[in-house]
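Asker: Listed here are the chains, written in short residue letters.
Protein chains: 2
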Amino acid sequence: MSDFLVQPDPGDARLTRRVTGVDHEGKAVETSVTMERPLTLFLNGQEIVTMMTIGDHPDCLAVGYLLNQGMLRPDDVITGIDHDDEIDTVVVRTQRKTDYEQKLKKKTLTSGCAQGTVFGDLMDEIEAVRLDPDAVIRTSWLYALSREINTTPSLYLEAGAIHGCVLCQEDRALIYMEDVGRHNAVDKIAGYMALNGIGPEGKSFYTTGRLTSEMVIKTARMGIPILVSRSGFTAWGVELAGQVGMTLIGRMKGKRFLVLAGQERLQYDADLSHIADEDQRHRRKGSSKDDAA
Amino acid sequence: MSDFLVQPDPGDARLTRRVTGVDHEGKAVETSVTMERPLTLFLNGQEIVTMMTIGDHPDCLAVGYLLNQGMLRPDDVITGIDHDDEIDTVVVRTQRKTDYEQKLKKKTLTSGCAQGTVFGDLMDEIEAVRLDPDAVIRTSWLYALSREINTTPSLYLEAGAIHGCVLCQEDRALIYMEDVGRHNAVDKIAGYMALNGIGPEGKSFYTTGRLTSEMVIKTARMGIPILVSRSGFTAWGVELAGQVGMTLIGRMKGKRFLVLAGQERLQYDADLSHIADEDQRHRRKGSSKDDAA
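Protein sequence lines correspond, in order, to chains A and B.
The opening position of the first sequence corresponds to residue 1 in my numbering, with each subsequent residue numbered one higher.
The opening position of the second sequence corresponds to residue 1001 in my numbering, with each subsequent residue numbered one higher.
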């Protein structure tokens, strides 16, 4: 049934913790909360950054982060990835000698979640991006993806307070990663794609988070021409999507969505009378206000 | 009726932009999207960071950011704040000579939104924080605050894709700031408090975002003992709240909420039969999944 190569593992005890508290009636309750732990990333001998992450797929997170920051080149040969669970470090080693001393000094904090940092020349680099103009997305695929993603068991459904990103192909969800920081989830997908030789051809990208400038930049860097979200848009996100020729679909809930860039890739093939509006039963936990997610 | 000292100004044309697109039926639509623009912050002669922000209250954002990062001390004398709208800069000048060359090198990217950066010694500093053990929060105040915040006109209701934070006193919402980055909204409140001589005594803090470690750290730095959110918790957020003696109230919607730390400050005085469950009419726009906001 499922085509997932990777999907959330809400049963993994390391990713959540049981805690106790009281509810609105003063009754004692026990609930699950999402873990967040530090992971310090080294590229060869150089300490790059300390990220807060739920802690799964550290190898994908490390490689994806470096790729999405332009510190690893697509043609770099990775000679090793060493993750040390005890001291919370991951070291990526490459054949090429790397040095990002200067690059690390120039940072822009962006408006999205976690790793909200665009290094100096990132904006320049995406100006060279050319996204596939012939890619298409059918509305029937959008509805099928939305249904599958929202009903797949996840840490979100188990403990909340987490973001999800999904690499999709036509109507199939392939790689579903979650993290406390949305950008960790994106980077883990980029890392998995690089480590497993999966290209952007024919792919679309789904996120639970907002369609901000940095989400558009990261998706463009990955070469993926279609970005879909349950959440809303920022003005710069829309503008950048237009510049790089990306299709930007947001506020997708039930049968509703809005396309604010690249609408020429959309093919309306779904029979809307068979698509339910999002009701309480289908709605993901949390129930309100994901526009700011 | 309203006690707001500051509240959102959804009519300010600089904060949103009208854009056109198509909807799920292929119909042309026009909608508002939130602005995000760069603001480069200087402390005296030193460039500190470039933030993405909606752009209102740059003076509050600048001062609050520096305070919450420990780069301004509470007793520092500010001799000037110069905002230049054309080149998107804000310069804060102090009597004391400042130098954060070393501090700027040691960064931890955290899991929340924007400015998700905790400088090296921030964790050490909050260990000295002592939050008022005698502060209380009544459930009737929580419900009154929740109702007022959710019905006040805002950029969120106008354009979505934005976070809100509110400084509260008893059942009164005092300072309501919004921003594309949640941490900008927090920092703008901290800056407003500092610039207007408003202390943390008797205050609580409401956020639309998740209760992560960095939200707890920022609230603790502001000296506010009670933190409330519509959204969910992370494990480290709960742990830190316990360490600093903060009351942490999350998943607050309609009559429901959950307290995972500091429950001794809570006073149950509301008649729950008069509090409505959150229904479609009262629900803020967006309608789903704010646990990951």
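These aren't lab readings, by the way, just hints derived from the structure by calculation.
It is possible that part of the hints are untrue.
[Stated by the list, open to error] Estimated spans, in silico, between C-beta atoms of each pair:
id, chain 1, residue 1, chain 2, residue 2, range
1, B, Arg1256, A, Phe4, 51 to 57 Å
2, A, Gly26, B, Glu1170, 19 to 25 Å
3, A, Tyr100, B, Asn1044, 41 to 47 Å
4, A, Tyr100, B, Pro1038, 17 to 23 Å
5, B, Phe1004, A, Asp88, 52 to 58 Å
The beta carbon of each residue, even a glycine, is placed where N, CA and C say it ideally should be.
Asker: Could one say that the CB atoms of Arg1256(B) and Phe4(A) fall in the range 51 to 57 Å?
Answerer: violated (32 Å)
Asker: Within 52 to 58 Å: is that where the Cβ-Cβ distance between Phe1004(B) and Asp88(A) falls?
Answerer: violated (43 Å)
Asker: If you check the beta carbons of Tyr100(A) and Asn1044(B), does the distance land in 41 to 47 Å?
Answerer: violated (28 Å)
Asker: Is it true that the C-beta distance of Tyr100(A) to Pro1038(B) lies inside 17 to 23 Å, as the hint says?
Answerer: holds (22 Å)
Asker: Is the gap between the beta carbons of Gly26(A) and Glu1170(B) within 19 to 25 Å?
Answerer: holds (20 Å)
The structure fails hints 1, 3, 5 (numbered hints given earlier, in ascending order).
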